[in-house]
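Asker: One letter stands for each residue in the lines below.
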Amino acid sequence: MKEAVGKPVSHVMVLAVGVVWALIYLVCLVVVKEGSVSRGVGVALALAPILPFIAFLRVLGRSSREADELQQKVQLEAFSFAYPAMMMLLMTLGLLQLVVPLKAEDFSLRHVWAFMPLLYVMGFGLAWRRYK
Amino acid sequence: VKSRLKVLRAEHGWSQQELAERAGVSRQTINAVETERYEPSLSLAFKLAAIFEMTIEAMFEASS
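Sequence order for the protein chains is X and Z. Position one of the first sequence corresponds to residue 1 (our numbering), numbered consecutively onward. Position one of the second sequence corresponds to residue 1001 (our numbering), numbered consecutively onward.
Among the hints, erroneous ones may be present.
Distance windows between CB atoms, simulated [unchecked claim]:
1) Z:Lys1006 / X:Leu118: 42 to 48 angstroms
2) Z:Arg1022 / X:Leu29: 57 to 63 angstroms
3) Z:Lys1006 / X:Leu29: 48 to 54 angstroms
4) X:Leu93 / Z:Phe1046: 20 to 26 angstroms
5) Z:Ala1050 / X:Phe107: 53 to 59 angstroms
6) X:Leu23 / Z:Trp1014: 15 to 21 angstroms
7) Z:Lys1002 / X:Leu118: 35 to 41 angstroms
8) Z:Ile1056 / X:Met87: 37 to 43 angstroms
Below, computed lysine-lysine pairings styled on BS3-like, alpha-carbon distance capped at 25 angstroms [as the list claims (entries may be wrong)]:
9) Z:Lys1006 / Z:Lys1047
10) Z:Lys1047 / X:Lys7
11) X:Lys132 / Z:Lys1002
12) X:Lys103 / Z:Lys1002
13) Z:Lys1002 / Z:Lys1047
Calculated directly from the structure, the hints in this document are not laboratory data. For glycine and all other residues, C-beta sits at the position ideal for the given N, C-alpha and C.
Use the sequences and the hints to build the structure in full.
Answerer: Here it is as structure tokens:
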């Protein structure tokens, strides 16, 4: 495997960039939800979290590449759990939506995506236990 | 794969952390290899064998 170039990415840095992205996302969400801004500003705010998220992905990716083989295996297993679990969740919600009126406010895309990191963390925990 | 890692490490008086630093992996990885919960890659197996100056075959054994 190729050695990482440059200063290694610490977990604190990954967390810090993640927190910055989450804060920007929350501020944008609150402002856009209030509806007090024009449509143009609203669209700009809705797109604003993309840049910090890309920064987060880059740091996360570097941290992943620098991780040792067991950590990479655990991350892969976490994704292997989270991806199909998310598919199952969306599939089930989609089917349920046909027969049960789900409140749009509770099951909107801005709520459902949050299950992805949650499922990843669950998958990570399960995989980690296996090798602990 | 059965490994003699724990015995060899103890013979050298190294902690898991010390061995992990020598091998360039995390302590958890050394622990998982020792407890046979994780089978190391060929590259890590070579690295560990080199640290203890022995062959891979002498260090690891395929469990039946």
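Asker: Against this structure, judge whether each hint is valid.
Answerer: Hints, verified against the model:
The beta-carbon spacing between Z:Lys1006 and X:Leu118, approximately 36 angstroms, falls outside the hinted interval of 42 to 48 angstroms. At about 48 angstroms, the CB distance of Z:Arg1022 to X:Leu29 disagrees with the hint of 57 to 63 angstroms. Taken as a hint, the range 48 to 54 angstroms holds for the pair Z:Lys1006 and X:Leu29, whose Cβ atoms sit roughly 51 angstroms apart. Distance hint check: the CB atoms of X:Leu93 and Z:Phe1046 are about 48 angstroms apart, inconsistent with the given range 20 to 26 angstroms.
Separated by about 55 angstroms at the C-beta atoms, Z:Ala1050 and X:Phe107 satisfy the suggested range of 53 to 59 angstroms. Taking 15 to 21 angstroms as the suggested C-beta distance range, the pair X:Leu23 and Z:Trp1014 does not conform, at roughly 43 angstroms. In this structure, Z:Lys1002 and X:Leu118 meet the distance hint of 35 to 41 angstroms, their C-beta atoms being roughly 38 angstroms apart. At about 40 angstroms, the CB distance of Z:Ile1056 to X:Met87 agrees with the hint of 37 to 43 angstroms.
Under the criterion of a C-alpha separation no larger than 25 angstroms, the hint pairing Z:Lys1006 with Z:Lys1047 is consistent with the structure, at around 15 angstroms. Straight-line distance between C-alpha atoms of Z:Lys1047 and X:Lys7 comes to about 23 angstroms, which keeps the hinted pair within the 25 angstroms bound. For the proposed pair X:Lys132 and Z:Lys1002, the alpha carbon gap of about 17 angstroms is at most 25 angstroms, so the pair holds. At roughly 55 angstroms between alpha-carbon atoms, X:Lys103 and Z:Lys1002 are farther apart than 25 angstroms, so this suggested pair is violated.
Between Z:Lys1002 and Z:Lys1047 the alpha-carbon distance is near 17 angstroms, which keeps this suggested pair within the 25 angstroms criterion.
The structure does not agree with the numbered hints 1, 2, 4, 6, 12 stated previously, though it agrees with the rest.
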